[in-house]
Every structure is written in C-alpha cells, then in structure tokens.
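Visitor: No gaps in the numbering here: position 41 of the sequence shown is 1297 in the numbering used here, and each next residue is one more.
Everything labelled a hint here was simulated from the structure, so no lab data went into it.
Pairwise CB distance ranges (calculated):
{"no.": "1", "residue 1": "1443", "residue 2": "1583", "range": "32 to 40 Å"}
{"no.": "2", "residue 1": "1318", "residue 2": "1535", "range": "38 to 46 Å"}
{"no.": "3", "residue 1": "1314", "residue 2": "1449", "range": "53 to 61 Å"}
{"no.": "4", "residue 1": "1451", "residue 2": "1310", "range": "49 to 57 Å"}
Below, a list of computed lysine-lysine pairs in the DSS-like style, where the Cα atoms sit at most 30 Å apart:
{"no.": "5", "residue 1": "1309", "residue 2": "1563"}
{"no.": "6", "residue 1": "1309", "residue 2": "1323"}
{"no.": "7", "residue 1": "1301", "residue 2": "1323"}
Beta carbons are placed, not taken as given, at the ideal position from N, Cα and C, and that holds for glycine.
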Amino acid sequence: MRSQAPGGWSDDRWEASKHYVGIAYVAIHRCAEQMAQAEFQVYRKDHRHPDGKRPVLRGDPAYSLIKLLERPNPDDSFGDLMSDWFIQMNLTGTALTWMVPNDLGTLAELYPIPTALAIPQPAVNPDFPDGYYRIQPVYPYGPFSSYPTPASAVGAPIPAQWMMRIKFRHPLLRYDGYSPLTALRLHLDEIEAMDRSRFYAMRRGINPSAVLNFDEVEGMEPLNEAEIERIRAEFEADFHGAENTGRLFVSTPGGKLEPWGGAPKDMDYQAGWEQLTSFAMAGFGITAEAAGMTAASAYSTLYASLKQLYWQTLEPQANRIGARLTRVVAPFY
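Taking the hints into account, I'd like the entire structure generated from these sequences.
Guide: Structural data, given as structure tokens:
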C-alpha cells in the first residue's frame, strides 16, 4: 500500500490513444481547450488570515513555484499542461508528468509524458528504489518504425519518484487510472461501426441515374463464371463510389430502362447515432450544445450548458489537478 512502484497498465494504452478521433475527439478536445484557459494561484496556509490562507507574493521563497508553473519547460505553458493532463486522463485514465529535479533538490522543469509511451517497470533496485517508467519513442511510419513494447531495449528510464500521476480512480487498482474511453468502449465502438458503415455506403454505393436494359431477348447463352467475374470487376470499377454517381449503366440484354437508386435511408442509423453520441458525450462530461455540435435555441440554453460543463466537468477536474500539485509539487518549496 505504501509502495510507489508502478504496476502494469490494466488495458492497452497505445490502442486507447489511437481512438482520439470522432466523437471522442469532439468531446475531449473541446473540454481540453477550456481547461487550457485555466489560471492558477499559489497560497500559503495561514491560520491568522480570515480565509485560512494567503496568496504567495514576490519575495516569498515559494514564489519559485509560481515561476515554475508559469513556465514549466521551454515549450509549454501552464495552459498546455492543463490541456495535456485532461487529454491523457480522458483517453487513458492517467496523466503522467516528469518532474525534473535540479542540484538543489527542488524542481527545475515539468514535462507531460504521454501515458501510452510510458511502460511501467515495478522492479525495485538501488538505482530505482520505487521502480521506474521506461519511455519508448514511437516512429509509426517508414522502415525504422517501432512501437512501445516491454521487451524493447530503447527508451529512457524515469524513476517513479520523479513521475507525478494524476488519475481517475480505478475500481480495482490503486496505482492505475480508469478512463471514460474504457468505460464507454462498447458505445464508442458502436458509433465507430456506424460511421464506417456510412463511409462505405458512400464509397461503395452504386447510384446511377438510370439503368438501360434490353428487353425481349430470348435464347441467350448463359455467361461462364470467368465472364461474370470480369463484368463484376468492371461494374465495381465504373460505378462504386460517390464520384461515379449519375453515370449511365448499360446492362446485359433482357430488361428495360428503369430509374435506379435514390437517397439512402438517412445514411442509416440516424436515430441510433444521435442517441449514442449524446450518451458518449455525457460520459466525457459535455453536452452537444457546449461542444458546438448543435445550435442552442436561446442564449439561456447555451449559458446553462456552459455552466453545467463548468460545474460538473471542468471545476472537479481542476480541483483534482490542483490537489495533486499541492500534494506532490508544492512540498519542494
């Protein structure tokens, strides 16, 4: 219970990170952009103050913490950290941050680490008394591509005591996080299947304006299998896809000219897709109005949606992050 050694992930974090698409992207990205607007304030406990705390001002030794949060590393701002933390927590359940120590024993920089690239190593030894994370580079394209695997020898180890973890509580594991993406995996898979069905309905649909058939032809010799396959291949090449909509098709003898095709049935699954997306967005803590997917009927509706997003999603997340910074980072100052 006291060990800080990281255990193995409870699910495939690399696979989860690849699902930052579709409705999950809309919900997570919009909330992350809002989190990036957050501001912070550092306080010192003071029982003599009416609020029990007072702001840290310039000249206080803890002012260095303010400078660290304002410029956590050469590339990121505090807003960038908030956005990255939110994205990783919602995709993988856990947001990792490398706290880089300096020679004085305080913190010099903070770097957000993508969870999927951090392979937990619970092995405890003199070099890593609390275990460590091996950070794996990912080069997904080209002849030198590699993916994160525990057996890989590449990557850099980061001691677990210098890795801050912010996470959603897991129902079984204390060291791991539980993401909304994992909790909603069935429903998100349904949405993705619907989207793929729509995509291929457009890509492979055959929608000519008319069919030209030759009627009253008798005594025609049946086509052999090879000829049927040739006609099928030519038919697909000429008429599959949205770009071939409206082309004239000349059929085999024995028929008549008839209209063919029409508007697809609402592109399939319309009602089901809307129900699933609403449910999935609720799982991520945002409504369609707040995400900009639907126009609010009135200003009061939009205002209520934004307040709901703030109270139920952004404020609890910000408080969770603030509490973790207070618990892990602030004691160095």
